[in-house]
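This is what each chain is made of:
Number of protein chains: 2
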Amino acid sequence: MGNENYAETKIYKVNEPLKLKSGKVLKDVKIAYQTYGKLNDNKDNAILVLHALTGSAHAAYTNKKTGKKGWWDDMIGPNKAFDTNKYFIISSNVLGSCYGTTGPTSINPETNKPYGLDFPVITIEDMVNLQKKLIDFFGIKKLITAGGSMGGMQALEWAIRYPDMVKSSILIATSARLNAQGIAFNAVARNAILTDKNFNNGDYYDKETPSSGLAIARMIGHITYLCEEAMYQKFGREFKDAPSFDFGIDFQVESYLAHQGKIFVDRFDANSYLYITKALDYYDPIKEFGSLEKALEKTNSRFLIISFSSDWLFTTAQSKQMVHALIKLNKDVSFVELESKCGHDAFLLEFEKQTKIIKSFLRG
Amino acid sequence: MGNENYAETKIYKVNEPLKLKSGKVLKDVKIAYQTYGKLNDNKDNAILVLHALTGSAHAAYTNKKTGKKGWWDDMIGPNKAFDTNKYFIISSNVLGSCYGTTGPTSINPETNKPYGLDFPVITIEDMVNLQKKLIDFFGIKKLITAGGSMGGMQALEWAIRYPDMVKSSILIATSARLNAQGIAFNAVARNAILTDKNFNNGDYYDKETPSSGLAIARMIGHITYLCEEAMYQKFGREFKDAPSFDFGIDFQVESYLAHQGKIFVDRFDANSYLYITKALDYYDPIKEFGSLEKALEKTNSRFLIISFSSDWLFTTAQSKQMVHALIKLNKDVSFVELESKCGHDAFLLEFEKQTKIIKSFLRG
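Line order of the protein sequences matches chains D and C. Quick note, the first sequence lines up with residues 1 to 364 if you use my numbering. Quick note, the second sequence lines up with residues 1001 to 1364 if you use my numbering.
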């Protein structure tokens, strides 16, 4: 296309220290972000788009260098679900990540070396508090939030923490907290990183990286992102070639996972994986407020909650838990379970179905 | 109890070489086994009990040294599901394991060192062919087989491969083949072992063992053996103590998995884990015969097939696939899906429910 839109990542340097939930304080915090569309004069057309575990600020448009489109490019753009003709869309990289926002790969101002495990443990609440500073910088007082998976948790936290700012919240393939199985998968994934021969207590930035452990973590992740039906449709029990009768890659599903592991270690940091999965595990407004109703009591947002039938990591039952709490509180909530065979990955793939529902919700 | 029964493991040395499915040949093969009850004069009261991935010949009674009961002690004994007053029960350790039967930990007669990865890749069919030699040694011509999980696959293979010997087959929490998700979990588990810093291409028997990788493999296994509901019941999202704000063990479910990993590496061999999971992945009579009906066509066995409602590793749908094929073939098949919250582990835990059904089936 002649008029292809290109993505540009900017950095906002936060002036004041960031106080974390743990009580620790982070200095010199930066937040990487992209924007699409234009902020109107009233500054009331902003949508903050929130990414999942391994996402980045690059949610839409094309990266000029790599030619790659953003992770939600199907959803963000002119006339798309998040319509850039109408809305000013902000996407920022989360605290603790490795795509420009301050995280364990950043230089610790006190040592002039990458933080590694000296980076403090961060939470979903901390991620949201940092995003708030970016929103303040834009002078935005009211906004819409939208995100899938961990992005949905951030959207939920926005509604809870900043009830006077959030007009509408779009929570997709998410829940108010991970279930025990989700924590278990994250624990094993972290274990693979922590026991990698190259992990070196997180201090590996000038050495070989813990790529085996990180690849295993990613493979575990991918199993949970697909459902058995999706795996069956994609790979069945087909061999890559013939049975090897050794411990090489035999089945197509093995080949897929190995490939996913391999490409991931080139694009993601093992320490960031530790920090962000820990933030996922910790998030639990139900425990913090005593109940989901108490957590949601003061929200002033409209809610759209979308789940996918084959998602077994963030189940429809978990979405319904939020829906029921909101209904009890007489809040404005719409809920749809979309039929999909894509498992948890559906929020990144089923854009047509989501677009219809999101457009209708945003019009409402 | 004064009259406690003690288990005794015996070794049967196979006289002839064992020809494997891969075409390779194993010499000096031994098979470890235990028996409970008495073989009658007609030699027609034998039940061969078949263990799962990490089981051993010690299925019942008490190990005198350790005081530990067998893995199916609740099911085998006087008046139990497999009644030792009536039946002669044989339990043997599978080929490739590390509990007395020849496997990668055994001494390779050609090098006088443990096989390690020089051990040939083995299959479910090879396991069954070795068991057949033990049954021949006893002079048994007709028998009943019973097993859960991988044990059920062996029972299925017995019915297919030795149709004139098997009178009855009890297949519990099993399927005719792993689904793609099952292969994926095994692939990641093997990957954790293969990339462990101490793996040393399988040659670690006089060195530090790949315990981190094996522990990760076991943790992945345990997630698949429980269901989310069982995890929720057992652990919920409870912290072990308080949030640590570091990467130590935070949640009870993490503590459980870490404990399971730790105790497993003291009792199991990493190479055996590789070999046996590969055998699980490879087993596929549907592919081999062209269809499940063709595979089961010549069986002369009665079948009892039991699945558990919360088992997501070997699902009820997979059990039903076998049931439907047997019904199409006009074979004698009984099927029960037992309600359970124990996930795949149910076959080791829900002994009361299983006992009732198995007793009734064996009477019939």
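Just so you know, the hints here were simulated from the structure itself, not pulled from any lab data. Mixed in with the good hints there might be a few duds.
To be verified - List of simulated lysine-lysine pairs, BS3-like, C-alpha gap at most 27 angstroms:
hint: 1; chain 1: C; residue 1: K1197; chain 2: D; residue 2: K262
hint: 2; chain 1: D; residue 1: K234; chain 2: C; residue 2: K1069
hint: 3; chain 1: C; residue 1: K1207; chain 2: D; residue 2: K197
hint: 4; chain 1: C; residue 1: K1113; chain 2: C; residue 2: K1086
hint: 5; chain 1: C; residue 1: K1262; chain 2: D; residue 2: K197
hint: 6; chain 1: C; residue 1: K1207; chain 2: D; residue 2: K240
hint: 7; chain 1: C; residue 1: K1294; chain 2: D; residue 2: K234
hint: 8; chain 1: D; residue 1: K234; chain 2: C; residue 2: K1080
hint: 9; chain 1: D; residue 1: K341; chain 2: D; residue 2: K38
hint: 10; chain 1: D; residue 1: K64; chain 2: D; residue 2: K10
hint: 11; chain 1: C; residue 1: K1356; chain 2: C; residue 2: K1080
hint: 12; chain 1: D; residue 1: K43; chain 2: D; residue 2: K331
hint: 13; chain 1: D; residue 1: K80; chain 2: D; residue 2: K132
hint: 14; chain 1: D; residue 1: K24; chain 2: C; residue 2: K1132
hint: 15; chain 1: C; residue 1: K1207; chain 2: C; residue 2: K1240
hint: 16; chain 1: D; residue 1: K320; chain 2: C; residue 2: K1013
hint: 17; chain 1: C; residue 1: K1240; chain 2: D; residue 2: K19
hint: 18; chain 1: D; residue 1: K341; chain 2: C; residue 2: K1356
hint: 19; chain 1: D; residue 1: K240; chain 2: C; residue 2: K1010
hint: 20; chain 1: C; residue 1: K1019; chain 2: C; residue 2: K1038
hint: 21; chain 1: D; residue 1: K240; chain 2: C; residue 2: K1024
hint: 22; chain 1: D; residue 1: K207; chain 2: D; residue 2: K287
hint: 23; chain 1: D; residue 1: K353; chain 2: D; residue 2: K68
hint: 24; chain 1: D; residue 1: K240; chain 2: C; residue 2: K1030
hint: 25; chain 1: C; residue 1: K1019; chain 2: D; residue 2: K207
hint: 26; chain 1: D; residue 1: K359; chain 2: D; residue 2: K328
hint: 27; chain 1: C; residue 1: K1341; chain 2: D; residue 2: K341
hint: 28; chain 1: C; residue 1: K1356; chain 2: C; residue 2: K1240
Claimed, not checked - Pair by pair, the computed Cβ-Cβ distance ranges are:
hint: 29; chain 1: C; residue 1: S1309; chain 2: D; residue 2: P109; range: 35 to 45 angstroms
hint: 30; chain 1: D; residue 1: G236; chain 2: C; residue 2: E1297; range: 34 to 44 angstroms
hint: 31; chain 1: D; residue 1: P163; chain 2: C; residue 2: I1327; range: 55 to 65 angstroms
hint: 32; chain 1: C; residue 1: G1290; chain 2: D; residue 2: F289; range: 51 to 61 angstroms
hint: 33; chain 1: D; residue 1: D241; chain 2: C; residue 2: K1019; range: 16 to 26 angstroms
hint: 34; chain 1: C; residue 1: D1028; chain 2: D; residue 2: D241; range: 25 to 35 angstroms
hint: 35; chain 1: C; residue 1: K1068; chain 2: D; residue 2: K19; range: 44 to 54 angstroms
hint: 36; chain 1: D; residue 1: K287; chain 2: C; residue 2: N1330; range: 55 to 65 angstroms
hint: 37; chain 1: D; residue 1: D241; chain 2: C; residue 2: I1327; range: 17 to 27 angstroms
hint: 38; chain 1: C; residue 1: G1290; chain 2: D; residue 2: K65; range: 27 to 37 angstroms
hint: 39; chain 1: D; residue 1: K197; chain 2: C; residue 2: H1259; range: 41 to 51 angstroms
Yeah, the Cβ is synthetic: ideal placement off N, Cα and C, and Gly gets one too.
Hints, verified against the model:
| no. | hint | verdict |
| --- | --- | --- |
| 1 | C:K1197 to D:K262 | holds, 18 angstroms |
| 2 | D:K234 to C:K1069 | violated, 43 angstroms |
| 3 | C:K1207 to D:K197 | holds, 16 angstroms |
| 4 | C:K1113 to C:K1086 | violated, 43 angstroms |
| 5 | C:K1262 to D:K197 | holds, 18 angstroms |
| 6 | C:K1207 to D:K240 | violated, 34 angstroms |
| 7 | C:K1294 to D:K234 | holds, 26 angstroms |
| 8 | D:K234 to C:K1080 | violated, 45 angstroms |
| 9 | D:K341 to D:K38 | violated, 36 angstroms |
| 10 | D:K64 to D:K10 | holds, 14 angstroms |
| 11 | C:K1356 to C:K1080 | holds, 9 angstroms |
| 12 | D:K43 to D:K331 | holds, 25 angstroms |
| 13 | D:K80 to D:K132 | holds, 25 angstroms |
| 14 | D:K24 to C:K1132 | violated, 65 angstroms |
| 15 | C:K1207 to C:K1240 | violated, 34 angstroms |
| 16 | D:K320 to C:K1013 | violated, 60 angstroms |
| 17 | C:K1240 to D:K19 | holds, 26 angstroms |
| 18 | D:K341 to C:K1356 | violated, 38 angstroms |
| 19 | D:K240 to C:K1010 | violated, 41 angstroms |
| 20 | C:K1019 to C:K1038 | violated, 31 angstroms |
| 21 | D:K240 to C:K1024 | holds, 22 angstroms |
| 22 | D:K207 to D:K287 | violated, 40 angstroms |
| 23 | D:K353 to D:K68 | holds, 23 angstroms |
| 24 | D:K240 to C:K1030 | violated, 34 angstroms |
| 25 | C:K1019 to D:K207 | violated, 47 angstroms |
| 26 | D:K359 to D:K328 | holds, 26 angstroms |
| 27 | C:K1341 to D:K341 | holds, 25 angstroms |
| 28 | C:K1356 to C:K1240 | violated, 38 angstroms |
| 29 | C:S1309 to D:P109: 35 to 45 angstroms | violated, 56 angstroms |
| 30 | D:G236 to C:E1297: 34 to 44 angstroms | violated, 23 angstroms |
| 31 | D:P163 to C:I1327: 55 to 65 angstroms | holds, 59 angstroms |
| 32 | C:G1290 to D:F289: 51 to 61 angstroms | holds, 58 angstroms |
| 33 | D:D241 to C:K1019: 16 to 26 angstroms | holds, 24 angstroms |
| 34 | C:D1028 to D:D241: 25 to 35 angstroms | holds, 33 angstroms |
| 35 | C:K1068 to D:K19: 44 to 54 angstroms | holds, 53 angstroms |
| 36 | D:K287 to C:N1330: 55 to 65 angstroms | holds, 56 angstroms |
| 37 | D:D241 to C:I1327: 17 to 27 angstroms | violated, 36 angstroms |
| 38 | C:G1290 to D:K65: 27 to 37 angstroms | violated, 51 angstroms |
| 39 | D:K197 to C:H1259: 41 to 51 angstroms | violated, 23 angstroms |
Against the hints set out earlier in the document, violations occur for numbers 2, 4, 6, 8, 9, 14, 15, 16, 18, 19, 20, 22, 24, 25, 28, 29, 30, 37, 38, 39.
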